[in-house]
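One line per chain: the protein sequences are S and G, in this order. Number 209 marks the last residue of the first sequence (my numbering); no jumps. Number 133 marks the last residue of the second sequence (my numbering); no jumps.
No lab work stands behind these hints, which were simulated from the structure alone. Here the structure is a predicted model, which means the values were calculated and not measured. Beta carbons: idealized from backbone N, C-alpha and C, even for Gly. Treat the hints with care, since some could be wrong.
[Claimed, not checked] With a Cα cut of at most 30 Å, we get these calculated DSSO-like pairs of lysine-lysine:
1. K153/S x K35/G
2. K56/S x K133/G
3. K133/G x K172/S
4. K167/S x K121/G
5. K35/G x K170/S
[To be verified] Incomplete in silico selection of chain S near chain G, CB under 10 Å:
6. A4
7. L8
8. T40
9. K46
10. T49
11. L52
12. E108
13. Y143
14. I145
15. F163
16. S164
17. K167
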Amino acid sequence: MAKAYDYLFKLLLIGDSGVGKTCVLLRFCDSAFSTTFISTIGIDFKIRTIELDGRKIKLQIWDTAGQERFKTITTAYYRGAMGIMLVYDITSEKSFDNIKNWIRNIQEHASAEVERMLIGNKCDMLDKRQVTREKGENLANEYGIKFMETSAKGNINVDEAFFSLAKDIKAKIDKRAAIDPLGKPAVIKPKLDPHKKVSTSFWSRCSLF
Amino acid sequence: MDNLPSIGDRNTQTIVCSFCDDIILRPQTATLTNKPTLLPQMNIEKTPSSDTENNRLSINGNDHVCDSLETFWLVLDMFTFENVGFSNTVNNQTKYLVCANCERGPIGFSPINPLTRQLEKEFYVAFDRIKYK
Numbered sequence: 001m002a003k004a005y006d007y008l009f010k011l012l013l014i015g016d017s018g019v020g021k022t023c024v025l026l027r028f029c030d031s032a033f034s035t036t037f038i039s040t041i042g043i044d045f046k047i048r049t050i051e052l053d054g055r056k057i058k059l060q061i062w063d064t065a066g067q068e069r070f071k072t073i074t075t076a077y078y079r080g081a082m083g084i085m086l087v088y089d090i091t092s093e094k095s096f097d098n099i100k101n102w103i104r105n106i107q108e109h110a111s112a113e114v115e116r117m118l119i120g121n122k123c124d125m126l127d128k129r130q131v132t133r134e135k136g137e138n139l140a141n142e143y144g145i146k147f148m149e150t151s152a153k154g155n156i157n158v159d160e161a162f163f164s165l166a167k168d169i170k171a172k173i174d175k176r177a178a179i180d181p182l183g184k185p186a187v188i189k190p191k192l193d194p195h196k197k198v199s200t201s202f203w204s205r206c207s208l209f
Numbered sequence: 001m002d003n004l005p006s007i008g009d010r011n012t013q014t015i016v017c018s019f020c021d022d023i024i025l026r027p028q029t030a031t032l033t034n035k036p037t038l039l040p041q042m043n044i045e046k047t048p049s050s051d052t053e054n055n056r057l058s059i060n061g062n063d064h065v066c067d068s069l070e071t072f073w074l075v076l077d078m079f080t081f082e083n084v085g086f087s088n089t090v091n092n093q094t095k096y097l098v099c100a101n102c103e104r105g106p107i108g109f110s111p112i113n114p115l116t117r118q119l120e121k122e123f124y125v126a127f128d129r130i131k132y133k
């Protein structure tokens, strides 16, 4: 049997309450689906497998699960995170303004090497738009990170956003491996026991369990 | 499946969501296991039928009608899954598994160690709640 995967990335969704993070993770937030079992309990995280350049990548995607109500997200939540989606709601100026606070929170608690991406969600609600696309792009440029507008409800750009973030993380790892081929393992391979923690390298800390 | 698998067998086909066909497990990644379990029904019924009176679980204060299931595909590493969603922990003892795409479920469960609150690294996918491709 071929090995199960080549890379394993832990990704986080961060942003204010109500920006639709849960919808990005939970694809259907519509009332039509509210009678399903999971809507009463909520999703903790998902495992998704994607393929990039012929390599299999496992994504473990976490939502903040209401922690953002306490305004600060603890270091524990950021531990091992390799990518963060900063999500705001294009119909809420406030959620956009708060992105700066979230970036500060990330700088304080997450690894300096974490790959970030800015997401303007709810782009299907054009009539209620408060944040222009340009404003989103400018903020992303200011921080040197990628930007995308998505609609979790309309399933616009959601998969693309995850692909883009995964691609950037992979590029970073591959680059590092090329510079330091004899260094610490940059890629978590299943045979190396993904549960084992190696504290010396950021990239080897990407497994939780 | 052409031939019904036996306990201990590996899955010969791809296990997919019975609603949206999203891939859950690749062939040869899970082992058929006998694990009698009450699993909440996929659709929450407001007025459950009387013959299920005994099959109930209380989750977050609500009664859920359950099916009594015995046969599950067992996986020992969560990253063996191609795509899957994990619910929040229920009653400090279980996380339920759902389709990562359409989120219907539970298609299975994973026990939580009540002391450590960590997953036990046993992931059960209900034989009756998935299909093959």
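Hint check, failures only: 1, 3, 5, 11, 12, 13, 14, 15, 16, 17
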